[in-house]
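Asks: Okay, here's what each chain looks like letter by letter:
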Amino acid sequence: MMELVKTGADNHEMVINMGPQHPSTHGVLRLELVLDGELIKEVRPNIGYLHRCFEKYAEELQDYAKVIPYTDRMDYVSAMNQEHGYVIAIERLLELEVPERVEYARVILVELQRIASHLLGIGAFGLDLGAFSPFLYLFTEREKILDIFEKNSGARLLYNYFAVAGLMRPLQDDFKGDVADFVTSFRPKIKELEDLLSYNRIFVKRTANIGVLPAKVALNYAASGPVLRGSGVAWDLRKNDPYSIYDRFDFDIPVGTGEMGTVGDCWDRYHVRVLEMEQSLRIIEQALEGMPDEGDVMAAIPKRIRPKDGELYVRTESPRGELGYFISSDKSAAPFRIKARAPSFVHLSMLPAISKGALIADVVAIVGSIDIVLGEVDR
Amino acid sequence: MNETLSSMPFLPALLLHAAIPLTIILVYALVAIWAERKVAGFIQDRLGPMRVGGWHGWAQSIADLLKLIQKEDIIPADASRFWFKFAPFMMFAASYAAFAVIPFSSGYIGSMVNIGVFYLLAVTSVLTLSVIMGGWASNNKWSLLGAMRSAAQMVSYEVPTIATVLTVVLVAGSLNLMEITELQSGNDTLGFLPNWLIFQNPFLITAFIMFFISILAESHRVPFDLPESESELVAGYQTEYSGMRWAMFMLAEYADMLLLSLLGATLFFGGWNSPFGDFLAGPFWGFFWFMLKGLVLVFVMMWIRWTLPRYRVDQLMAICWNILIPLSFVNLVLAALWEMIF
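Chains A and B, in that order, give the protein sequences.
Start counting the first sequence at 0; every next residue gets the next number (numbering that gives the first Met the number 0).
Start counting the second sequence at 0; every next residue gets the next number (numbering that gives the first Met the number 0).
These aren't lab readings, by the way, just hints derived from the structure by calculation.
Be aware that one or more of the hints could be misleading.
Below, computed lysine-lysine pairings styled on DSS-like, alpha-carbon distance capped at 30 angstroms [to be verified]:
{"#": "1", "chain 1": "A", "residue 1": "K40", "chain 2": "A", "residue 2": "K65"}
{"#": "2", "chain 1": "A", "residue 1": "K65", "chain 2": "A", "residue 2": "K302"}
{"#": "3", "chain 1": "B", "residue 1": "K140", "chain 2": "A", "residue 2": "K355"}
{"#": "4", "chain 1": "A", "residue 1": "K302", "chain 2": "A", "residue 2": "K215"}
{"#": "5", "chain 1": "B", "residue 1": "K66", "chain 2": "A", "residue 2": "K190"}
{"#": "6", "chain 1": "A", "residue 1": "K338", "chain 2": "A", "residue 2": "K238"}
{"#": "7", "chain 1": "B", "residue 1": "K140", "chain 2": "A", "residue 2": "K204"}
{"#": "8", "chain 1": "B", "residue 1": "K37", "chain 2": "A", "residue 2": "K40"}
{"#": "9", "chain 1": "B", "residue 1": "K70", "chain 2": "B", "residue 2": "K84"}
{"#": "10", "chain 1": "A", "residue 1": "K338", "chain 2": "A", "residue 2": "K215"}
{"#": "11", "chain 1": "A", "residue 1": "K65", "chain 2": "A", "residue 2": "K55"}
{"#": "12", "chain 1": "A", "residue 1": "K65", "chain 2": "A", "residue 2": "K150"}
{"#": "13", "chain 1": "A", "residue 1": "K238", "chain 2": "A", "residue 2": "K190"}
{"#": "14", "chain 1": "A", "residue 1": "K175", "chain 2": "A", "residue 2": "K188"}
{"#": "15", "chain 1": "B", "residue 1": "K84", "chain 2": "B", "residue 2": "K66"}
{"#": "16", "chain 1": "B", "residue 1": "K37", "chain 2": "A", "residue 2": "K143"}
{"#": "17", "chain 1": "A", "residue 1": "K188", "chain 2": "B", "residue 2": "K37"}
{"#": "18", "chain 1": "A", "residue 1": "K65", "chain 2": "A", "residue 2": "K175"}
Chain B is nowhere near these chain A residues, computed Cβ spacing over 10 angstroms in every case [what the hints assert, rightly or not]:
{"#": "19", "residue": "A130"}
{"#": "20", "residue": "R141"}
{"#": "21", "residue": "G153"}
{"#": "22", "residue": "N159"}
{"#": "23", "residue": "D194"}
{"#": "24", "residue": "R205"}
{"#": "25", "residue": "P213"}
{"#": "26", "residue": "K302"}
{"#": "27", "residue": "I304"}
{"#": "28", "residue": "F344"}
{"#": "29", "residue": "G356"}
Residues on chain B that point at chain A, a partial pick, calculated with CB under 10 angstroms [to be verified]:
{"#": "30", "residue": "E157"}
{"#": "31", "residue": "F191"}
{"#": "32", "residue": "L192"}
{"#": "33", "residue": "T306"}
All C-beta atoms, glycine included, are put in the ideal place defined by N, C-alpha and C.
Just chain B, same shape as in the assembly (with noise of 0.2 angstroms):
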């Protein structure tokens, strides 16, 4: 598919291979949303949305969506109005323009820069800096305790995050995403596994813990949620927004989820690479690995979620500094040492 959007005049290339990543995301968002509140619903025992389009209520976040859009949209009278507008556009800019270096398959990536890994965690940090922006030009104390909450978390569980993903860098030996995962194909680990990452170096599989963790930290997940803990700060730095500038913020927030788990696909689980070697491969079906990778991960997420309490802001952070900083670092050298001895 590169090969044909290549061939394509600049602008109708640009816009298109600005389309697919953003088709994803917003079909991913509605399924998924759906997707939670059935999760939630299976795990507390009852049924979730039933009623809205006839079959398990799938249209529920379609009306929910409707809904959404036809509300007012309420911007408190003392809030600093451009940037309470323009927060939930930068925060969802953010996660989308994250996805422009993500293999989805092997005929499609949005941009085959060699700095894939470097890019994307780059962007990513731009939405600390649109939470803050919500919450502090929302005028209300809620929102700026959650706003400086969530800074405080987002650049604290960075840098294990960061030094997880390097100990991937550093055994694959690149910053492509698209080498990095071409680097996975093939079903010759031990005779049987697929050769992903994760089965190349026993480092690498607590590297996947600590990054997964992470990760549940950065898209502010349970039992990391403090930013919008609802019980603590009513809904943190979301609390003043409404209609579509919330739907915004949901969405980033699904987008984010989605970005990171594809990310550990993608490190850790062989990207696009069909775990049964020739089988089912090629660009088609090497989508719908990836996605299944990156979608199993979202489920274990939500899975967590509807499972554990939160843990509250100082233990977090003793979490994030006492913990996993050191450890990650120590894993990173572990793993050096592993590659260089084997």
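If we strip away everything but chain A, and leave its shape as in the complex, we get (with noise of 0.2 angstroms):
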């Protein structure tokens, strides 16, 4: 007992749990803070609070197609990039042709959601930051990108709305000029998100240097999407690696440049995220002029998918990074094992590593930049 005292005295540290109740660890994510004062000396993030059995579900549910709406829960945030990573594996699986004018609706709603994705990421993230207005005004953008896709799919959060070698409901007649509509409306905010968020003093100061993320320890992590290109990695699944139609598209790969400080900084990531925004309205605008008018929502697919025996691994970029499906077949009409790769929990697992030294202030910074889904990190 005397011990213990003695090593409490003589020891600043102090062990505090942020989360799973926290409010900004967005979702139930919990971190033990070792702390000296407010200086980080170590993070464990403990996951696993939000564990559906994905896998084990998938297994079970007898029909590849049954899964779709499973992928949806897993990032609820960017729920069509999830569909439309697990679709397009089934169909490399049962190597099915998928119609033109499906592949380009796909592509504007995935461009779409990964606006909205990124609105919400960057919103939360000003929202850590102590900025409260910028997250409502991307907000009522994000609204106009759910809107949208209600009108359509039906679904506002979890849309279930692609389907194996096609889409699950008809498109509605005036999706083009909605999606049109949409896309001269949002240019300017991406504009006002610059004045108001970016290039505020206060934000900078909150977020240029902080959680440097070096490139190669983003690569030996594994890491993807903006937190990767944020890095200075010109890395996207879109370019390096094109599925779908990617490759008919002409856009950049935004990277972090260290424009406010370092690269591989918070502001950098974040950054990449608003510049992605501007990239996605060039595909989506392309996708419009590509997209035919007429044609099926849906290919003539068998009625029961029972694949070759076989496995494969099919990558996709999600908002948060490289979303990877590996799918093992036994012939039969259940899958033999479906594992998801997700992005978020590659990320969460570089916090220890990038917030060493840090205050309690920058680590709610660093999460937020790194734009985690729960859902996704346990799956």
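Both chains are given apart, each in its own frame, so use the hints to dock them into the complex.
Replies: As structure tokens, this is what we get:
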């Protein structure tokens, strides 16, 4: 007992639990912080509060198509992207042809979802740093995207809209007009966001040179998406390993340049997302032009999906990074194994490495800048 | 009104003197909390409370107050019970007591003491004590962190506040807030401007800017709301408080905001003096002008709150010790030189 008291007196460290009910851990993440005053000595992320046995369910469902609504629930902020990766995997497994109109519609939906997801990510990041109003401005824009989704799929968050080799429901007649309207109305808002938040002095002070993630460390941890691009590595699966019809579009890969501080700091990761929204708009515009007005939204597919023996890994660029599905099939109607590779999980594992020596407020900024979704971390 | 009061027996006069600022604070707090939500709503492109009471949700704060009164009074198991209960009252008492020296109009001041400014600054520093008391007694690490932050912040920012207030005192030559206000009557500056102190000396303009930044920090408003920054420290020193005890903290904070704004209005903007000379002057209109000036400053605080992000704790300290304190003292000397020369 005496020993314990003594170590306590000599030791200035304090262990504090941040989460799972903390307001800025973006869900049910628990961080064990070892603090010396407000200085972080160590961060230990604890996960598993939202574990829903995705892989086991996928095996038990006895049908490949039934897994699609489950993929929605992994990263519930970008459900379209999760579905997209999964249906592409099934289509490759079955070697199915997807109608042209569907491919274009999917790209538009997925890019809209990317913007919606970035809007939420950026808004919540600002909220973490105390900027309340930009969050609501961005939510207004996100709402418009969700309205388009609702009109076509019937749902606002978890859509269950993509089907194997098609879409669950036909697109509404004014789909193209709605999207075009959104694109024109949204463009000036990016400029507004840049003025309001990106170059705000306090915001820059809070994010520049904080949580620096060097490119080497990022690559060693297998980071991807905006987190990797924020560290200055131009790696985007839509360009580097094109899937769907992404090879037809012309767009740039924004990377972190260290404009406000060091390459790979929180500001860079944040700003890559802002620039990506503009690139998504470009893709949407091109897709709207190329999209055929007529056509089926569903290809003829076998009634029961029974792929051949084999396994494959399909990776797509979700708003958070490389979203991979590994599927192993054994000729039966049920997948032998489905494993999802979630970018958030990988990025969360870097947290201890990049937040050593930071302050509590910086940890909040770092967690916000890597933009994790706990549903995807735990699956 | 002071004359009427002084002719009354001691006890009723005392109670009346205590009741007037209390009424003002309570009514103001109800209005300010509603207004804060409306301001936030309009800034964020939404409506804010719209339902309770009919017209633009005017009864929202009353409904909230009723709700808070009915709430269970939770005290954490390992908290230090006495101090935990005592802290909110002490905090409110501190900001309430400071209203005694505020000259609400030419006819009413709670206590006509010669060292009003000094008394006000001394009494409000008790707020720090109650914040630490509440945070430490909660036996919660987040509360403790919040309390430590707030102690550091308030102690640091008291220095520039006092330095800028001293600048005013130096120009006005008095510590009595009533006398400082009376000095600012009339509209002679440059022929048309009111004789407010802010127009009397260029270094008082800079002093006011620094004073305003300091009172933002003193009253824990964004961008200096670190003691209760919800995204970092949950709710800072208030984390374990609920129901009426929490409401007391809230009330004290709004009262503090008003107090410091009214102090600013008295020191720099002529207190209860009408901006138009004799037009709409007199004790009643004096009260109106005084509250208006104070509420404009309160509105600016709200406006800033819903616009800016928050500083980090070390940046906050750096701003105070590296910039505000040296500048405010240099400003004090320059203002003194200006007074000497002109």
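Asks: It remains to establish, for every hint, whether it holds in the given structure.
Replies: Hints and how they fare:
1. Simply put, K40 of chain A and K65 of chain A have alpha-carbon atoms about 45 angstroms apart, too far for the 30 angstroms limit, and the pair is violated.
2. Distance hint between K65 of chain A and K302 of chain A is fulfilled; the C-alpha atoms sit about 13 angstroms from each other, no more than 30 angstroms.
3. Using a Cα cut-off of 30 angstroms, the hinted pair K140 of chain B and K355 of chain A holds, with the two alpha carbons roughly 20 angstroms apart.
4. Using a Cα cut-off of 30 angstroms, the hinted pair K302 of chain A and K215 of chain A is violated, with the two alpha carbons roughly 47 angstroms apart.
5. A C-alpha spacing of about 42 angstroms is found between K66 of chain B and K190 of chain A, which places the hinted pair above 30 angstroms, so the restraint is violated.
6. Note on K338 of chain A and K238 of chain A: the hinted pairing holds, with a Cα-Cα distance of about 24 angstroms set against a maximum of 30 angstroms.
7. As the CA atoms of K140 of chain B and K204 of chain A are separated by approximately 27 angstroms, the hinted pair is consistent with the 30 angstroms bound.
8. A threshold of 30 angstroms between alpha carbons decides the hint, and for K37 of chain B with K40 of chain A the separation of about 42 angstroms lies outside it, so the pair is violated.
9. Between K70 of chain B and K84 of chain B the alpha-carbon distance is near 15 angstroms, which keeps this suggested pair within the 30 angstroms criterion.
10. A hinted pair counts as satisfied when its Cα atoms are at most 30 angstroms apart, and K338 of chain A with K215 of chain A qualifies at roughly 27 angstroms.
11. Proximity of K65 of chain A to K55 of chain A is assessed by CA-CA distance (about 13 angstroms); at most 30 angstroms being required, the pair is judged to hold.
12. As the CA atoms of K65 of chain A and K150 of chain A are separated by approximately 23 angstroms, the hinted pair is consistent with the 30 angstroms bound.
13. For a cut-off of 30 angstroms, the pair hint linking K238 of chain A to K190 of chain A stands: about 26 angstroms separates their Cα positions.
14. This hinted pair checks out: K175 of chain A and K188 of chain A have alpha carbons roughly 20 angstroms apart, not beyond 30 angstroms.
15. A distance of roughly 20 angstroms separates the Cα atoms of K84 of chain B and K66 of chain B; the hinted pair therefore holds under the 30 angstroms criterion.
16. Our distance criterion of 30 angstroms between C-alpha atoms is met by K37 of chain B and K143 of chain A, whose separation comes to about 24 angstroms.
17. A threshold of 30 angstroms between alpha carbons decides the hint, and for K188 of chain A with K37 of chain B the separation of about 24 angstroms falls inside it, so the pair holds.
18. A distance of roughly 29 angstroms separates the Cα atoms of K65 of chain A and K175 of chain A; the hinted pair therefore holds under the 30 angstroms criterion.
19. Annotated as non-interface, A130 of chain A brings its C-beta within 10 angstroms of a C-beta of chain B; the closest such distance is 4 angstroms.
20. A cut-off of 10 angstroms between C-beta atoms confirms that R141 of chain A is not in contact with chain B; the least separation is 13 angstroms.
21. With a minimum CB-CB distance of about 26 angstroms to chain B, G153 of chain A clears the 10 angstroms threshold, and the non-interface call stands.
22. Separation of N159 of chain A from chain B is adequate, the least Cβ-Cβ distance of about 30 angstroms exceeding the 10 angstroms criterion.
23. Distance check for D194 of chain A against chain B: the nearest CB is about 12 angstroms away, which clears 10 angstroms, and the non-interface claim stands.
24. Its beta-carbon lying about 6 angstroms from the closest one in chain B, R205 of chain A breaks the requirement of being farther than 10 angstroms from that chain.
25. Distance to chain B confirms P213 of chain A as a non-interface residue, since its nearest Cβ pair spans about 22 angstroms, more than 10 angstroms.
26. Residue placement check: K302 of chain A keeps its beta carbon more than 10 angstroms from all beta carbons of chain B (closest about 49 angstroms).
27. Look at I304 of chain A: its CB is around 45 angstroms from the nearest CB on chain B, clear of 10 angstroms, so calling it non-interface holds up.
28. Non-interface status of F344 of chain A relative to chain B is upheld: no Cβ of that chain comes within 10 angstroms, the nearest being about 23 angstroms off.
29. No Cβ of chain B comes within 10 angstroms of the Cβ of G356 of chain A; the nearest lies about 13 angstroms off, and the non-interface call holds.
30. Because the beta carbon of E157 of chain B sits about 21 angstroms from the nearest beta carbon in chain A, more than 10 angstroms, this interface hint is broken.
31. Taken as an interface hint, F191 of chain B does not check out: its beta carbon lies about 36 angstroms from the nearest beta carbon of chain A, beyond 10 angstroms.
32. Taking 10 angstroms as the C-beta cut-off, the interface hint given for L192 of chain B is violated, the closest approach to chain A being about 32 angstroms.
33. The interface hint given for T306 of chain B holds, since its Cβ lies 6 angstroms from the closest Cβ of chain A, which is under the 10 angstroms cut-off.
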